[in-house]
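Chains as they are written, first to last, in our numbering: chain A, 1 to 444; chain B, 1 to 444.
In case anyone wonders, no lab produced these hints; they're calculated from the structure. Hints are supplied without guarantee of correctness; some may be wrong.
Just so you know, same-sequence chains aren't split out, so a pair can sit in one copy or run between any two.
The calculated lysine-lysine pairs, modelled on DSBU-like cross-linking and capped at a C-alpha distance of 30 Å, are [to be verified]:
| id | residue 1 | residue 2 |
| --- | --- | --- |
| 1 | 241 | 330 |
| 2 | 305 | 233 |
| 3 | 306 | 440 |
| 4 | 339 | 233 |
| 5 | 241 | 116 |
| 6 | 339 | 306 |
| 7 | 305 | 46 |
| 8 | 116 | 371 |
| 9 | 241 | 276 |
| 10 | 386 | 330 |
| 11 | 276 | 233 |
| 12 | 306 | 410 |
| 13 | 330 | 116 |
| 14 | 344 | 440 |
| 15 | 233 | 330 |
| 16 | 70 | 46 |
| 17 | 371 | 344 |
| 18 | 440 | 70 |
| 19 | 276 | 386 |
| 20 | 241 | 339 |
| 21 | 344 | 330 |
What follows is the residue order along each chain.
Protein chains: 2
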Amino acid sequence: MKSVLLIGAGKSSGYLIDYLLSHAVAENFELTVADINMEAALSKTKSLPNSKAIVLDINNQYERHQNIQKADIVISMLPAFMHFPVAQDCVTYKKHLITASYVSAEIMSLNELAIKNDVLLLNEIGLDPGIDHMSAMRVIHEIQRNGGVLNSFRSFCGGLVAPESNNNPWGYKFSWNPRNVIVAGQATAQYLTNGEYKFLPYHRLFASSELIEVEGYGKFDAYANRDSLSYRKIYGIENIKTMLRGTLRQHLFCEAWHVFVMLGLTDDSIQINFPKQYTYANFISSFLPGSGSDLVQRLCQFTNKKVEDEIIKMIVWTGLLGNDLVGLEKGSPAMVLQKLLEKKWVLEESDKDMVVMQHVFEYTTAKGADKKMSSTLVTIGENNQKTAMSKTVGLPLAMAVRRLIKGQIKLRGVQVPVLPEIYELILDELVLHGITFVEKEELA
Amino acid sequence: MKSVLLIGAGKSSGYLIDYLLSHAVAENFELTVADINMEAALSKTKSLPNSKAIVLDINNQYERHQNIQKADIVISMLPAFMHFPVAQDCVTYKKHLITASYVSAEIMSLNELAIKNDVLLLNEIGLDPGIDHMSAMRVIHEIQRNGGVLNSFRSFCGGLVAPESNNNPWGYKFSWNPRNVIVAGQATAQYLTNGEYKFLPYHRLFASSELIEVEGYGKFDAYANRDSLSYRKIYGIENIKTMLRGTLRQHLFCEAWHVFVMLGLTDDSIQINFPKQYTYANFISSFLPGSGSDLVQRLCQFTNKKVEDEIIKMIVWTGLLGNDLVGLEKGSPAMVLQKLLEKKWVLEESDKDMVVMQHVFEYTTAKGADKKMSSTLVTIGENNQKTAMSKTVGLPLAMAVRRLIKGQIKLRGVQVPVLPEIYELILDELVLHGITFVEKEELA
Chain A
1 MKSVLLIGAG KSSGYLIDYL LSHAVAENFE LTVADINMEA ALSKTKSLPN
51 SKAIVLDINN QYERHQNIQK ADIVISMLPA FMHFPVAQDC VTYKKHLITA
101 SYVSAEIMSL NELAIKNDVL LLNEIGLDPG IDHMSAMRVI HEIQRNGGVL
151 NSFRSFCGGL VAPESNNNPW GYKFSWNPRN VIVAGQATAQ YLTNGEYKFL
201 PYHRLFASSE LIEVEGYGKF DAYANRDSLS YRKIYGIENI KTMLRGTLRQ
251 HLFCEAWHVF VMLGLTDDSI QINFPKQYTY ANFISSFLPG SGSDLVQRLC
301 QFTNKKVEDE IIKMIVWTGL LGNDLVGLEK GSPAMVLQKL LEKKWVLEES
351 DKDMVVMQHV FEYTTAKGAD KKMSSTLVTI GENNQKTAMS KTVGLPLAMA
401 VRRLIKGQIK LRGVQVPVLP EIYELILDEL VLHGITFVEK EELA
Chain B
1 MKSVLLIGAG KSSGYLIDYL LSHAVAENFE LTVADINMEA ALSKTKSLPN
51 SKAIVLDINN QYERHQNIQK ADIVISMLPA FMHFPVAQDC VTYKKHLITA
101 SYVSAEIMSL NELAIKNDVL LLNEIGLDPG IDHMSAMRVI HEIQRNGGVL
151 NSFRSFCGGL VAPESNNNPW GYKFSWNPRN VIVAGQATAQ YLTNGEYKFL
201 PYHRLFASSE LIEVEGYGKF DAYANRDSLS YRKIYGIENI KTMLRGTLRQ
251 HLFCEAWHVF VMLGLTDDSI QINFPKQYTY ANFISSFLPG SGSDLVQRLC
301 QFTNKKVEDE IIKMIVWTGL LGNDLVGLEK GSPAMVLQKL LEKKWVLEES
351 DKDMVVMQHV FEYTTAKGAD KKMSSTLVTI GENNQKTAMS KTVGLPLAMA
401 VRRLIKGQIK LRGVQVPVLP EIYELILDEL VLHGITFVEK EELA
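Starting from the given sequences, assemble the full structure and let the hints guide the process.
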């Protein structure tokens with residue numbers, strides 16, 4: 001019987017675990033869910049057949065080695081910076097590893113040894129990155145198969161809140177790791193426009209968003225996401241003229257978030273020793289130029305806005321200008337902002353989240369015609385446990401694990417899901433779970 | 001015979017080595033100068049009596065251990081991030097260590113073991129940090145001894161170019177590590193104004209400079225330097241109302257540098273793979289919004305300035321809009337900017353650099369009178385080898401080493417020079433080398 005070890009039973013692991021356990025008995029494999037918190041693990045396995053829940057502290061090298069040695073396939077749902085020791089062990093003990101995280105330079109350094117040891121280290125197989133790569137590659141490969149040339153690829157994705165649960169001015173609630181939302185975008189974005197490299201530093205990123213229309217759902221802000229340039233090679237489209245991967249937020253979110261960035265509230269690189277009785281009002285006053293207790297007026301001056309402007313209302317709504325205590329002795333500005341927003345951006349029990357993804361392809365056909373095509377996915381969650389985020393991150397991972405157990409994936413080394421061997425089976429199966437792209441020809 | 005090991009014979013080590021070797025024979029100690037480059041070491045020792053030059057790669061653990069074990073006192077002139085293994089060895093082998101760098105959290109973690117092993121880890125004993133601490137503490141201790149209360153302390157320092165050698169629009173040439181100039185200020189500055197904590201993120205730092213007048217030398221831009229708050233405790237002035245440490249530049253430097261920051265050119269956190277034949281004009285075009293070959297006009301639009309404005313002239317003067325090749329295959333924006341400026345901000349052989357330091361103290365005397373006092377140091381270098389920077393960084397370090405050999409410094413553990421035991425002897429001796437503060441009562 002094959003054995004799968006899942007490390008980290010966090011927010012995004014529900015669908016992943018349900019899927020695997022729904023196949024485990026019939027397909028003769030077992031799933032061990034390991035978490036630092038036994039209850040988190042147990043609440044996910046629900047003691048179903050062929051499941052086991054265990055406590056595992058991955059910093060305990062002995063226990064980590066023991067458990068990885070017992071498995072055939074390891075899934076790491078740990079925060080990205082914690083994957084590396086797990087990946088090292090997997091290569092050493094010749095176990096396959098699957099994660100939804102971006103390939104780091106550290107992980108990439110294991111490629112040769114992984115190939116030598118007949119091991120697959122499959123990364124970026126969640127939603128974004130994950131479904132984005134797979135769905136884009138299926139279209140790109142089809143265009144190329146028909147003799148077409150791709151001139152422009154722009155791809156956007158956002159984990160948002162469904163319209164029916166959208167009852168705050170930001171149109172945002174946390175459906176995944178809040179920390180990742182707070183520090184999102186903190187490296188100069190790299191992309192390509194009409195053949196020219198474009199570099200956009202963090203302090204201009206949210207001020208440079210563009211509006212993207214998604215039919216039936218209105219307009220969204222889109223800001224550039226990390227390094228789009230590197231995917232030219234990975235996608236096999238090295239001569240493309242425009243290439244941009246971006247993140248979606250409700251319209252106005254980016255402009256308001258830019259105020260936080262400009263104030264300095266998202267900085268996670270310094271540790272401040274806060275005075276006693278330090279309030280959020282004290283906190284923002286420390287970042288605003290000038291002095292005085294009329295914080296709204298100082299904020300308006302800083303942003304060059306009026307009290308009645310929506311951006312000011314959005315910021316005031318967070319409580320950042322209020323007299324609640326920060327309640328931290330020491331921390332970064334980003335930690336303070338996260339603590340505040342975690343109270344305001346709660347996905348309540350009956351709230352539904354929403355995942356939106358849209359690719360826009362511009363290409364020239366073999367016959368020389370210029371075409372434009374969009375491919376759009378919208379998935380709505382059921383509640384704050386069965387989220388669209390958890391579903392779209394977890395299912396591709398789970399399906400890849402199952403295909404690997406079945407011997408349907410033969411790739412080895414460090415991989416991302418851009419090859420038909422992986423994406424064909426998974427995209428087809430995702431449709432059965434309601435995760436479907438709608439393609440539409442647009443005016444070129 | 002006592003033995004001193006100096007690791008790193010870079011730009012700032014000339015005066016340091018000359019001073020020690022001028023005392024070595026009479027006071028019966030020897031100096032070993034270790035560098036990764038034998039010529040650099042030999043050019044500094046000049047084979048003088050009681051000197052030795054050796055090649056040392058500090059990443060070679062065996063050689064590092066061997067050489068540290070042979071020494072009584074180690075001076076590390078390495079880049080700050082490389083001190084830690086040396087400091088660990090010093091504590092293990094019970095050798096004193098002296099550096100001109102800021103105390104890092106890592107170094108601080110060695111405090112208890114250093115005390116236990118009867119070892120002194122003396123840091124921040126160069127110019128800034130170094131002479132600033134010593135000269136400020138002598139004044140602060142005198143105010144306190146007379147029953148006064150310090151209300152405000154503001155301290156500024158800059159490594160600049162002397163007026164007679166100032167022949168470029170930035171008023172700047174590299175008199176120390178260029179990299180440190182390019183990435184200076186890349187963490188939210190923390191200071192105190194009228195009892196309120198102030199936090200200033202990097203992308204507003206250079207836009208928030210203030211003008212500081214230094215008698216006889218005109219007005220300088222001053223921008224806030226790192227974490228001023230932490231020095232309240234170190235200086236023993238925990239109830240002070242205003243506390244700011246800042247860095248000086250020629251007037252307009254900060255406004256022009258802010259354009260580089262806003263463009264994103266000082267980012268050192270991403271690696272870009274540059275296309276072939278990539279020019280500086282391509283580089284800045286990638287950061288400027290919009291497109292088109294009229295870079296000056298796009299720069300004017302970005303900065304909201306006119307072609308004839310001094311700030312635009314300063315930027316154009318660097319060659320950033322020109323067609324020279326960048327000549328890097330891969331690197332960060334900061335590396336590209338450094339490469340460009342290293343060609344333009346050369347301290348030529350006969351050029352003289354200038355160090356300016358000014359403290360401004362505001363205090364209430366025992367009798368209740370409000371006083372304001374400034375204390376100012378200006379030191380001009382002799383040429384591009386015998387720089388004011390090398391002199392003011394190297395001499396305090398060298399003097400501390402000599403006092404330690406003589407047994408005049410009994411402190412142990414992790415220290416910075418804020419106690420009379422260190423600063424009295426050194427400040428008095430610095431005067432003999434022309435490093436003298438001029439005190440002046442100002443209007444309160």
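Verification of the supplied hints:
1. Taking the shortest Cα distances, residue 241 and residue 330 sit within 30 Å of each other only across copies (21 Å), while inside one copy they are farther apart (47 Å).
2. Proximity of residue 305 to residue 233 under the C-alpha cut-off of 30 Å is found in neither arrangement, the shortest distances being 43 Å within a copy and 39 Å between copies.
3. Within a single copy, residue 306 and residue 440 get their C-alpha atoms no closer than 41 Å, and across copies no closer than 46 Å, so neither meets the 30 Å cut-off.
4. Proximity of residue 339 and residue 233 under a CA criterion of 30 Å is satisfied inter-copy only: 28 Å between copies versus 39 Å inside one chain copy.
5. In this assembly of identical chains, residue 241 and residue 116 lie within 30 Å of each other by CA distance neither inside one copy nor across copies; the values are 37 Å within and 64 Å between.
6. Taking the shortest Cα distances, residue 339 and residue 306 sit within 30 Å of each other inside one copy (27 Å), while across copies they are farther apart (44 Å).
7. Taking the shortest alpha-carbon separations for residue 305 and residue 46, neither the intra-copy value of 52 Å nor the inter-copy value of 65 Å comes in at or below 30 Å.
8. Within a single copy, residue 116 and residue 371 get their C-alpha atoms no closer than 43 Å, and across copies no closer than 75 Å, so neither meets the 30 Å cut-off.
9. Within a single copy, residue 241 and residue 276 get their C-alpha atoms only as close as 55 Å, which misses the 30 Å cut-off; across copies the closest is 16 Å, which meets it.
10. For the homomeric pair residue 386 and residue 330, neither the shortest alpha-carbon distance inside one copy (35 Å) nor that between copies (44 Å) is at most 30 Å.
11. For the identical chains of this complex, residue 276 and residue 233 are inter-copy neighbours only, at 16 Å across copies versus 53 Å inside a copy, given an alpha-carbon limit of 30 Å.
12. Taking the shortest alpha-carbon separations for residue 306 and residue 410, neither the intra-copy value of 60 Å nor the inter-copy value of 61 Å comes in at or below 30 Å.
13. Proximity of residue 330 to residue 116 under the C-alpha cut-off of 30 Å is restricted to the inter-copy arrangement: shortest distance 29 Å between copies versus 47 Å within a copy.
14. In the homo-oligomer, the alpha carbons of residue 344 and residue 440 never lie at most 30 Å apart, since the shortest distance is 37 Å inside one protomer and 54 Å across protomers.
15. In the homo-oligomer, the alpha carbons of residue 233 and residue 330 lie at most 30 Å apart only across protomers (16 Å), although the nearest pairing inside one protomer, at 43 Å, exceeds that limit.
16. In this assembly of identical chains, the alpha carbons of residue 70 and residue 46 lie at most 30 Å apart only when taken from the same copy (22 Å versus 63 Å across copies).
17. Taking the shortest alpha-carbon separations for residue 371 and residue 344, neither the intra-copy value of 44 Å nor the inter-copy value of 49 Å comes in at or below 30 Å.
18. Taking CA atoms no more than 30 Å apart as the test, residue 440 paired with residue 70 passes in neither setting, with 47 Å inside one copy and 75 Å between copies.
19. In this assembly of identical chains, residue 276 and residue 386 lie within 30 Å of each other by CA distance neither inside one copy nor across copies; the values are 40 Å within and 49 Å between.
20. Proximity of residue 241 to residue 339 under the C-alpha cut-off of 30 Å is restricted to the inter-copy arrangement: shortest distance 29 Å between copies versus 42 Å within a copy.
21. In this assembly of identical chains, residue 344 and residue 330 lie within 30 Å of each other by CA distance solely inside one copy; the values are 22 Å within and 43 Å between copies.
In summary, the structure is inconsistent with hints 2, 3, 5, 7, 8, 10, 12, 14, 17, 18, 19 from the numbered list given earlier, while agreeing with the others.
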